[in-house]
Amino acid sequence: MAEEGVSRRNFMVRTIIGIVAFIGAALMVPFGGFGLLPGLKKKDAGWSDAGTINDLKVDEPQERRFMQIVKSGWQEEKQERSLWIVKRPDNSITAYSPNCPHLGCGYRWSDGDKRFKCPCHGSVFDINGKVLGGPSPRSLDTLDVKLENDRVLVKFVVFQLGISDKMIA
Amino acid sequence: MITKIVDWIDERIQLRDLWKTFSERPIPGGSSWFYVLGASLVFLFALQMMSGVLLALYYAPTPDHAYASVRYIQNEVPFGSFVRAMHHWGASFMMVIVALHLLRVFVFGAYKKPREIVWLLGVGLIMLVGGFAFTGYLLPWDQKAYWATVVGTNVAGTVPVVGGLLLRIVRGGTELGNLALSRFFAIHTYILPWSLALLAGLHIFLLERAGAGGTWKTADRTPERAEPLFPNQLFKDSIVILIVFLALATVATLFPAPLEPQADPTDSTYNPRPEWYFYFVFQMLRIFEGKFEVIGTVVLPTIGIIALVLLPFLDRDPERAPLKRKLMMAIAGMAVVLITVLTIMGAQAPVVNAPAVTSPSVLAGRILYSKNGCAACHSIQGKGGRIGPELTHEGGKRDADWHIRHFKDPQAISPGSIMPKVMLSDKELNELADYMLSLK
Chain A
129 MAEEGVSRRN FMVRTIIGIV AFIGAALMVP FGGFGLLPGL KKKDAGWSDA GTINDLKVDE
189 PQERRFMQIV KSGWQEEKQE RSLWIVKRPD NSITAYSPNC PHLGCGYRWS DGDKRFKCPC
249 HGSVFDINGK VLGGPSPRSL DTLDVKLEND RVLVKFVVFQ LGISDKMIA
Chain B
136 MITKIVDWID ERIQLRDLWK TFSERPIPGG SSWFYVLGAS LVFLFALQMM SGVLLALYYA
196 PTPDHAYASV RYIQNEVPFG SFVRAMHHWG ASFMMVIVAL HLLRVFVFGA YKKPREIVWL
256 LGVGLIMLVG GFAFTGYLLP WDQKAYWATV VGTNVAGTVP VVGGLLLRIV RGGTELGNLA
316 LSRFFAIHTY ILPWSLALLA GLHIFLLERA GAGGTWKTAD RTPERAEPLF PNQLFKDSIV
376 ILIVFLALAT VATLFPAPLE PQADPTDSTY NPRPEWYFYF VFQMLRIFEG KFEVIGTVVL
436 PTIGIIALVL LPFLDRDPER APLKRKLMMA IAGMAVVLIT VLTIMGAQAP VVNAPAVTSP
496 SVLAGRILYS KNGCAACHSI QGKGGRIGPE LTHEGGKRDA DWHIRHFKDP QAISPGSIMP
556 KVMLSDKELN ELADYMLSLK
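Heads up: the protein sequence lines correspond to chains A and B, in order.
Plus 128 on top of the position in the first sequence (first one is 1) and you've got this note's numbering.
Plus 135 on top of the position in the second sequence (first one is 1) and you've got this note's numbering.
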């Protein structure tokens with residue numbers, strides 16, 4: 129009789145724990161996914177107009193500002209962006225992300241010694257984006273560009289900083 | 136390892152003692168399937184808190200963004216439709232179980248000495264749950280949200296003497312806009328959850344102090360017949376909680392929470408309807424008209440609440456068996472029948488002047504028209520400014536192409552016009568043009 133009481137009690141305790149565990153586990157996927165997945169989704173950037181190619185001179189980098197339409201949750205907003213574009217001797221166009229790959233400072237072109245220089249920790253890059261000195265772990269990040277009717281279209285993305293691989297953030 | 140941690144805590148705050156008191160709370164006459172409703176409500180409240188906090192991750196409480204953010208939750212966020220449906224239907228489940236819980240406690244006479252205070256807290260909890268339901272459905276800012284809240288808040292305006300003041304306090308102004316929405320959001324997500332958690336905590340704690348009601352049969356109220364809360368009662372509670380959970384999850388999966396077109400304060404074709412659990416109030420408004428309206432909106436609800444508050448003080452007879460409380464049972468039965476009938480009548484209330492079929496694009500155009508301040512210069516059916524041409528019958532005059540070219544550059548189409556260029560996307564210009572064409 130006492131034995132029976134104990135096993136009945138055990139059965140009830142186990143059922144309670146089982147139900148709590150089941151509901152918890154069942155909710156984990158939808159609730160966790162709802163909270164976490166949108167933040168992890170990679171955004172697919174569209175093409176933005178970064179200005180004309182007509183006033184570009186070969187091997188003279190220009191900083192350009194432009195508006196990118198960014199989808200932020202439920203809202204499409206215009207966000208001001210910048211980048212560096214270089215016209216190469218073969219008339220191709222290269223675009224660099226405006227942030228130093230080290231920790232994200234805005235670097236600039238120094239006309240005198242033909243170098244990109246970062247003001248924060250002294251990284252130096254040549255016109256091809258290659259690291260010449262300083263702590264930057266990789267070359268300047270290039271962005272996808274295409275030309276349409278003398279306009280530079282760019283697929284602007286933000287990269288992860290401080291690592292040796294170029295990865296979209 | 137776990138034992139060690141519990142030991143450590145126990146040594147300091149007597150955790151096991153607390154658990155012992157809670158878990159060994161004796162249920163006079165033993166556990167019962169009738170006593171599972173309170174625990175189900177605790178479960179549903181926890182679930183509403185979780186889904187509510189999740190919704191708040193993406194929700195924006197302003198009229199400009201609320202609708203778009205809810206549509207984003209509904210259509211784009213993974214599991215968004217499910218989480219929103221859980222919250223939406225969870226409210227209905229809660230309403231039903233609150234009513235059953237109230238009824239159960241009433242029939243079992245459990246509100247009698249020594250549990251009067253527990254009962255009073257319960258009455259407070261009912262009002263908080265009603266407040267949740269009422270403040271919750273404005274938040275999506277769709278047509279139903281907007282219009283049901285216009286009507287619902289106007290009910291506050293019918294209170295004698297202070298009605299107008301009350302209305303402005305509830306809405307944060309005279310109209311339903313920015314201030315009303317953020318007010319409802321703050322009440323729904325800060326004030327009510329904390330109040331409910333506090334009151335429910337007290338409700339449960341004081342039941343602990345006063346002792347569970349248990350059976351009304353005096354012969355069964357012996358120590359040998361009593362069973363502990365844990366595991367005997369909590370076992371039954373858990374089974375019912377599992378059923379409630381499965382039912383809610385099934386409903387939430389099969390029936391997504393509705394989302395009507397965005398709120399349009401200028402739409403006169405919409406037929407406002409509250410959520411089903413307010414149908415009985417809605418129906419009372421249809422029964423009491425004109426100067427009697429205040430009976431339905433203020434007098435009867437106040438009498439109802441006062442009756443619930445006074446119940447344990449008026450009915451002090453210790454007799455708990457329902458069969459020996461025939462008058463009480465008759466009153467409860469009548470209240471149930473009355474509310475059920477009113478609810479059914481409310482649900483069947485005829486729709487007045489069935490809404491004209493308005494395309495979403497015309498609707499969107501109308502919202503653009505009001506958002507962009509077109510009415511500052513133009514008037515439609517007597518509403519708006521007189522600087523620009525009247526647009527009441529604009530629909531029959533020109534085609535969409537003309538309108539779009541005219542929006543983009545008014546002076547090119549109509550030289551000498553002082554109308555500013557309409558700076559909108561092509562899609563929006565199309566919608567605005569569709570709205571113009573709909574004006575006949």
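Treat each hint with caution, since some may be false.
List of simulated lysine-lysine pairs, BS3-like, C-alpha gap at most 30 Å [said to hold, decoys possible]:
#	chain 1	residue 1	chain 2	residue 2
1	B	K543	A	K199
2	A	K206	B	K543
3	A	K199	B	K562
4	A	K206	B	K371
5	B	K562	A	K283
6	A	K206	B	K506
Footprint (simulated), chain B over chain A, 3 or more residues, beta carbon under 8 Å [what the hints assert, rightly or not]:
#	stretch
7	173-185
8	201-209
According to the in silico footprint, chain B covers these stretches of chain A (three or more CB under 8 Å from chain B) [what the hints assert, rightly or not]:
#	stretch
9	133-143
10	147-153
Don't read these hints as lab results, they were simulated from the structure.
Think of the CB as a built atom: it goes at the ideal place given N, C-alpha and C, for glycine as much as any other residue.
These are the hints, each one checked on the structure:
Only pairs whose Cα atoms come within 30 Å are accepted, and K543 (chain B) paired with K199 (chain A) is accepted, the gap being roughly 25 Å. With a CA separation close to 20 Å, the supplied pair K206 (chain A) and K543 (chain B) stays within the 30 Å bound. Taking the CA atoms of K199 (chain A) and K562 (chain B), the gap is about 17 Å. The hint holds against a cut of 30 Å. Distance hint between K206 (chain A) and K371 (chain B) is unfulfilled; the C-alpha atoms sit about 56 Å from each other, more than 30 Å.
Between the alpha carbons of K562 (chain B) and K283 (chain A) the distance comes to roughly 24 Å, so the proposed pair stays at or under 30 Å and holds. As the CA atoms of K206 (chain A) and K506 (chain B) are separated by approximately 19 Å, the hinted pair is consistent with the 30 Å bound. Restraint check on the stretch 173-185 of chain A versus chain B: 0 residues with Cβ-Cβ distances below 8 Å, three needed, restraint violated. Check on the stretch 201-209 of chain A: 3 of its residues sit with their Cβ under 8 Å from a Cβ of chain B, so the three-residue criterion for coverage holds.
For a cut-off of 8 Å, the count of residues in the stretch 133-143 of chain A with a CB near a CB of chain B stands at 4, and the three-residue condition holds. Only residues whose C-beta sits within less than 8 Å of a C-beta in chain B count toward coverage, and the stretch 147-153 of chain A has 4 of them, enough to reach three; the restraint holds.
Violated hints, listed in ascending order, are 4, 7; each of the other numbered hints is respected by the structure.
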